[in-house]
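Enquirer: The primary structure of each chain is shown beneath.
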Amino acid sequence: MSKKLLTYLLILLLFSCEENILIDYPEAQTNLVLNANLIPGDTLNARLGLSVPYTNRTPPPYIKDGDIEVFEDGVFIGNMSVCKSESRSFQSTDSIYTYCLAAVCDPHKNYKLIASHKDYPSTNGETKSTSLPNISNVTFGIGPVNDFINVPISFIINDDPSVKNYYFFEVLNFDSITGSFFDFDFSLSTLDLTIEMLGESEDILEIPTGESSGKKGFLSDHLFNGQQKKVNITLQFTQGFTNYLKVTSCSESFYQYSRLDILSLIVPGENPFSEPYQTYSNVSNGYGVVGSSKDTVIVLKN
Amino acid sequence: MPLLAFSQQSILVKELPLLAGEYNSSFITDTIENAIGLKLSFATKSLKNNQIKVDSNNPTIESLLELLFDSKSFYFKVKPGKILILKKRLNSAGHPIITISGFVEDLKSGERLIGANIYIPGTSLGTITNAFGFYSLSVPFTGSLKVSADLIGFIPSSFIVSEAESAKHLFALEVSNQQLTEVVVTAQESDVLNTQMSQIEINSEDLKNLPSFFGEVDLIKAIQFLPGVQATGEGGINYIVRGGNPDQNLILLDGVTVYNASHLFGFFSVFNPDAVKNIQLTKGGFPAHFGGRLSSVLEVDMKEGNLKEYHGSGSIGILAAKFSLEGPIIKDKTSFMVSTRRTYSDVLYRPFIPEGNDAGYYFADLNVKLNHKFSRKDRLYLSFYNGLDKAFSEGGDVDPIEGGLKWGNYTSALRWNHLFNNKLFGNLTATYTRYNFQISSSATIDTNLFDLRYFSKIIDQGLKYDLDYVYSPKHTFKGGASYTYHNFKPGVISINQTLSSAIDIDSTLNLSPANFTHDFFLYAEDNWTVNNRLKFNIGAHVSSYLVDQKTYFSFQPRLAGRFLMSENWSLKASYVFMQQYIHLLTNSSIGLPTDLWVTSTGNVPPQNSSQVAFGSTHFFGNKKWTFTSEVYHKKLGGLIAYREATSFAPAVNWETQVVTGGTGRAYGWENFIRWNTKKTHGWISYTISKSERQFDELNRGKIFPYKYDRRHDFKIVMSHDFTPKFNLGFTWIYNTGIKATIPISTYTNLDGRTTIRYSDRNAFIYPAYHRLDVSMRWTKKTSWGDRSWAFSIYNVYNRKNPFIIYYSTSESERTATKFSLFQFIPSFNYSFRF
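Line by line, the protein sequences give chains Z and D.
Residues 2 to 303, numbered by the numbering used here, are exactly what the first sequence covers, in order.
Residues 17 to 850, numbered by the numbering used here, are exactly what the second sequence covers, in order.
Worth double-checking, as some hints may not be accurate.
Unchecked claim - Think about it this way: if two alpha-carbon atoms lie no more than 25 Å apart in a straight line, the pair counts; the simulated DSS-like pairs of lysine-lysine are:
hint, chain 1, residue 1, chain 2, residue 2
1, Z, Lys129, D, Lys324
2, Z, Lys165, Z, Lys110
3, D, Lys718, Z, Lys165
4, Z, Lys165, Z, Lys230
By construction, these hints were calculated from the structure, which means they are not laboratory data.
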């Protein structure tokens, strides 16, 4: 009883130390949000939405009465309009609107998207489109695969010296019983740093094992500089599933966005002492990202 | 000794049976040697001429020596068995140079006094005593010389040098009672005379009238009231100096590094005021003997122990009790000081805890110091500190899980002073310091035991030698060398499992690699007096650091200058370059014990800084007031910080959690008025400053304000003795709020997830911080000593200062909520001294 009394007194004391205050922060206004992942070989798609001040808990909405102009290598190629998209990157629903342009994204072109709306300041984003990653010599383990056995995977990335290509890779397995994919954990959100610590001059990039929380292995462009590099990784596999290696080549904006987005998934609760992560955006006067990516998926067999 | 000297020297006035006439010089020297049985020791080239002319019969030995040697250039010293013919050291005006040296000590206790001024009144000639109370001053002898010694809180003393010979003198200063005597020192002459700038000293006696926090006066909280020094959080003891990081402050207890100076999660410092003699903070213009940190050096000197009589003191507050005892082991030769402190909140609330359970928190300190005088030339000091914080919980039979958190420092130093001669003083220091932090959790279910522990540790062992050498009135040298062996264990988990039905597990896992590093430095500095007005301190600190098969090397020039505008006013300037090989990983505003000290490694390079400062020091009102104004500009490099969205995670290698290569810039203008009148003393300080950081991987690479970039910082500290029995003190602080990163909006990202958009890093400014504290102290003399009652109020007008701002949520909105930690806290303390 006395312990409870002490606890109540303590809570009362602490709550008496609280006071609501008004944070008058000028940037907390509503802005346009422009998101686009331009995939070489697919039609050009984007989404337009609005940001919501943090004090308001309403979910941020998509909008359908905006306008998006598209420029390819500086030449205007058309306006996007709301469409029923079946694109891998943007599938439309009743409340999620996708803007489309009936033009195919070409590799290694510069695309600029300008979004406007009558009630909000115009916004724009720009990216260089990427191309299919050039992967070779994929190897997966040696001998029989038992439950939870460490199996080495390796592959070679042949970087194109003429363009800046960033990469990330994922290893997935498919559970045919539940029909779901499972992502393998890699070595942290800070994996790119870990690799840089290994030395850029190395021909082989050994992905460390042991500490895992991130789902993607990030490989910055400057690790390659047009060279061929072998990536080695060892993961614990369970027998009976189909395993896949997915390697994505992307623009710098997409790479930076993906890297930092990982952090939003691993932020350890609301630790008031932890510095928050800053989302990546290459959209001027608004939020979102205009990027480009292209992936290749390889079935892992030993 | 003077009598003996006189009888020896009196031989020189002895007359020799010699007639007036011309003689060969060798005949004269032989005659002298035969007559008194002493040999003349001289170089042949020192003789004036081969032939000398004696004008009168029966000349004295001294007159003959003056005929043989030029008395303007030589003087004669009688030693056992010989007379030395020595060349006089003359200044440009032809005056002989003499050296006055010795020690300054407290008359009552025999304790050596640090930082006392030794000077020739009416001139700009002077020095201050070193960390062991030693001084040595070379001056031209222009006639009878008065040499004075003073120190704030003591009655000045002086003596006369009447002969052109070097002299040794022990100043024994008496503690002044400002109520009873007019002769008190109100300002440190050295504040104006010295080249050293950006340095402030506080005597432990000054602290006793400051308002307390939960009944405890804290040394580090007192220095947070100085200009350029800011607390990082409400009630905390972590501090930043001139826009630097908290880890850039070196804290030395009797010359030994203290890594975590905090108790009670950072709300109290480890320094027990009863055990402390003196504290000195240096914020810039670091002389070459300082190194290893970029922003400040806080030197805390423990009391040595009274050599003459026994004394004790103690106190009881609402949080802690303490007791100290000091006295001679062998009178005037060996003394001791013991001081201990413990909190007792765990004992007080134990009756409220259900039977079978136990939980609590306490901290405790023990300070011990011994000192022994072997001779006038040799003295040994042994000091020791051990502190512990412990939080624990034991569930008893109901809940079989036990857990705990404990951390603590252990420091020890052995120092041997040796006076080689009146110009050369040496000190050998051997040190050992250890900091431990441990989280433990264990459970016993039936006969199965599971025990998990996480701990981090730093152990340093070091050896250092320092020399002070007075070469001439114009040049005083310091030099030394130091070696420290560091052992960093930043994160170790030990698992112990004993199962009745399975194999036992006992393993230790090093999450971050342990680092064993070698830290070596050399330094040399010259205090160069160019003329009466201009003085420089020129030096260099050279360090090397070996870690992970990699050696870092650094050459750090140091330069400080002083120009005396008048007896009461000097202008000063300094430039320093510093390098630091260790880092503190912290992301909290208070000093959590989880803050991790880590070493520079092959991947994480050292941090460095360069600082330029200009200042003016002026005495006013018969030296009762001192006004100091300084501007500074500091550049920082090689900084590290936690990556975004990370914080202390014991299960992860720290090197993967940080970003490196950060830079910073801090500049500001500090103003400080200090007064010390008969009944009132205190100070006012105002600082305007700015501090910024830049990391390629933080804040999208853009420059951002440092979290503790407070533009305005204003403080008043005042204490007034209304009567000899009653003192009233108050402190008031106002500063601009700290900076924070806040969420400003939400939006849907490329993957369709709602994302929080944060402001630029540290773009939001917290509401301003201000607070008034008051203290009242009644002191009563008794037959056995004195006792006093102190009553303090922390945050008198109940200001709700923000500690953290967070968002509380309702169904439709979020509201920013300010959490304040300490409001209106009265406290009481009873203390006694005998």
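Enquirer: CA of Lys718 of chain D to CA of Lys165 of chain Z, is that 25 Å or under?
Expert: Roughly 23 Å separates the two Cα atoms, so the pair holds.
Enquirer: For Lys165 of chain Z and Lys110 of chain Z, compute the direct alpha-carbon distance and say whether it is at most 25 Å.
Expert: holds, 12 Å
Enquirer: Checking one constraint from the list: CA of Lys129 of chain Z to CA of Lys324 of chain D, max 25 Å. Satisfied?
Expert: Distance ~84 Å between Lys129 of chain Z and Lys324 of chain D Cα, so the pair is violated.
Enquirer: Taking only the CA atoms, is the gap from Lys165 of chain Z to Lys230 of chain Z under or equal to 25 Å?
Expert: Holds - the C-alpha atoms of Lys230 of chain Z and Lys165 of chain Z are around 15 Å apart, at most 25 Å.
Hint 1 from the list above is the single one not met by this structure.
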